[in-house]
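Residue-level listing of the chains:
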Amino acid sequence: MAGKRAEPGAKADERDEQADVPDGGGAPGAGDLRTGPLALERCRKADGRALLLYSRVEDAG
Amino acid sequence: MSEQRFNELRGEPVVYAIHRQDRTFLPTRERCPLDATRPGGPETEIPVASFEIAVFENRFPAFSSPRGAAEVVVYTDDHDGSFGTLAAERAEALMWVWRHRYLELGARADIEYVFIFENRGVEVGVTLHHPHGQIYGYPFLPPVPALELAADERLGGCTPCALLAGELDDGRRLLVENDAVVAYVPFAARWGYEVHVATREHRPSLAACGADELRLLADALQRVVRGFDALFERPFPYVMAVHQAPTGDSGGIDAPGGGHLHVEFYPPLRTAEKLKYLAGSEQGAGTFIADMLPEDSAVALREAIARAG
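Going line by line, the protein sequences match chains A and B. Sequential numbering of the first sequence, starting at 1, is according to my numbering. Sequential numbering of the second sequence, starting at 62, is according to my numbering.
Hints were generated in silico from the structure; no laboratory data involved. Hints may contain errors.
[To be verified] Below 20 Å or equal to it, Euclidean Cα-Cα: the simulated EDC-like pairs (lysine to aspartate or glutamate) are: (1) A/K45 / B/E104; (2) A/K45 / B/E118; (3) B/K335 / B/E294; (4) B/K335 / B/E255; (5) B/K335 / B/D357; (6) B/K335 / B/D352; (7) B/K335 / B/E184; (8) B/K335 / B/D290; (9) A/K45 / B/D96.
[Said to hold, decoys possible] Listed next, with one range per pair, are the computed distances between beta-carbon atoms: (10) A/G48 / B/A212: 39 to 49 Å; (11) A/G48 / B/R92: 21 to 31 Å; (12) B/R215 / A/R44: 39 to 49 Å; (13) A/R44 / B/V75: 29 to 39 Å; (14) A/R44 / B/S342: 24 to 34 Å; (15) A/A46 / B/S126: 10 to 20 Å; (16) B/D231 / A/A46: 48 to 58 Å; (17) A/R44 / B/A333: 36 to 46 Å; (18) B/E364 / A/G48: 21 to 31 Å; (19) A/A46 / B/D141: 23 to 33 Å.
No residue lacks a Cβ here, since even glycine has one placed at the ideal position from N, Cα and C.
Excised from the complex, chain A in its bound form:
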């Protein structure tokens, strides 16, 4: 399932942000929201609750 994305027709909506840039890590500070080897897809459920889908990016360092 590596690199798989959410189904385009899924009911999750408001996909408002694409993945952080994978960079393989480091020792970041407080403002660092990197997700390393993962892509992040932010969605919102029909009742308004947040849903975050993380998936591994192919060929991430």
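For this one, chain A is given, so just place chain B on it according to the hints.
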């Protein structure tokens, strides 16, 4: 919305989340709300046909904005998996998810402490069997991390650093070692098979860990859990608690002395069939009466971990 009261006699907060009384309780396999939504099937909490790791706001939250947060972390869309049986790459990915949630929730003004945990098994109150954990964003510093900070004050330095040095020096209770983390049964374990997994270097939180440390942390955690399952050749119930630096005024993500990343396991089994109950001494006097020595538990767990591979 939950209500928070303060128990003056105990000096601790109590949270009333009465809406949780109606939360989903041990649904059938076919009605698991943490499965992916099957095409044509009823919509689950995760309305996509497949996923790797999903995080969503709890439908029955103990805490919610603007006074905290409660999230569910679903490790896989494989209903029958477990943390221990995840592919190594997935377990490593979970560490990045934990890290990301710590940073994002910890940056919120209404959250003082980000607590990542997993309850496994009906023995510890699990209501959904699908492999998952939870995250609470507390709007206050809870008693246990407050005690850990107090221990640092009392001992004049980082307590987990000192305890780890003592365990490495003693050696009898060590379970798993790699370049980044060490797993051991603590000298004064309260539970028969309690295990702590601590970073060798002083890392206040997952945010301060590099990629290699996260990968090695995942590997050590999985080895411990697989060892648990091998110990009595049955799925081993536990509470897994990720302890990190507070994120509010009392600490801070970058606070060098505000905490030391470590993961604590509290398994309730004392034999294959017998549970350790928190009874009179534990509840009424706050003193654990343990049935076995940590050194003996460590021998059994080392053998189980070796069997599990």
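Hint by hint, here is what the structure shows:
Our distance criterion of 20 Å between C-alpha atoms is met by A/K45 and B/E104, whose separation comes to about 11 Å. Between A/K45 and B/E118, the direct Cα distance comes to roughly 10 Å. Compliance with the 20 Å bound is thereby established for this hinted pair. At most 20 Å may separate the alpha-carbon atoms for a hinted pair to count; B/K335 and B/E294 meet this at roughly 14 Å. As the CA atoms of B/K335 and B/E255 are separated by approximately 15 Å, the hinted pair is consistent with the 20 Å bound.
Taking the CA atoms of B/K335 and B/D357, the gap is near 17 Å; set against the 20 Å cutoff, the hint holds. For the hint linking B/K335 to B/D352, the alpha-carbon distance of about 11 Å falls within 20 Å, and the restraint holds. A hinted pair counts as satisfied when its Cα atoms are at most 20 Å apart, and B/K335 with B/E184 qualifies at roughly 11 Å. About 15 Å separates the Cα atoms of B/K335 and B/D290, which keeps this hinted pair within 20 Å; it holds.
This hinted pair checks out: A/K45 and B/D96 have alpha carbons roughly 15 Å apart, not beyond 20 Å. At about 41 Å, the beta-carbon gap between A/G48 and B/A212 stays in the expected band of 39 to 49 Å. The hinted range of 21 to 31 Å is satisfied by A/G48 and B/R92, whose Cβ atoms lie roughly 23 Å apart. For the pair B/R215 and A/R44, the supplied restraint of 39 to 49 Å holds, since their beta-carbon distance comes to about 46 Å.
Taking the beta carbon of each, A/R44 and B/V75 are about 32 Å apart, inside 29 to 39 Å as hinted. A C-beta distance of roughly 48 Å is found between A/R44 and B/S342, which places it outside the suggested range of 24 to 34 Å. At about 18 Å, the CB distance of A/A46 to B/S126 agrees with the hint of 10 to 20 Å. For B/D231 and A/A46, the hinted distance range of 48 to 58 Å is satisfied, since their beta carbons lie about 55 Å from each other.
The given range of 36 to 46 Å is respected by A/R44 and B/A333, whose C-beta atoms sit roughly 45 Å from each other. Between B/E364 and A/G48 the beta carbons are some 50 Å apart, a value that contradicts the proposed interval 21 to 31 Å. Remark: the range hint 23 to 33 Å for A/A46 to B/D141 is upheld by a beta-carbon distance near 28 Å.
The structure shown violates the earlier hints numbered 14, 18.
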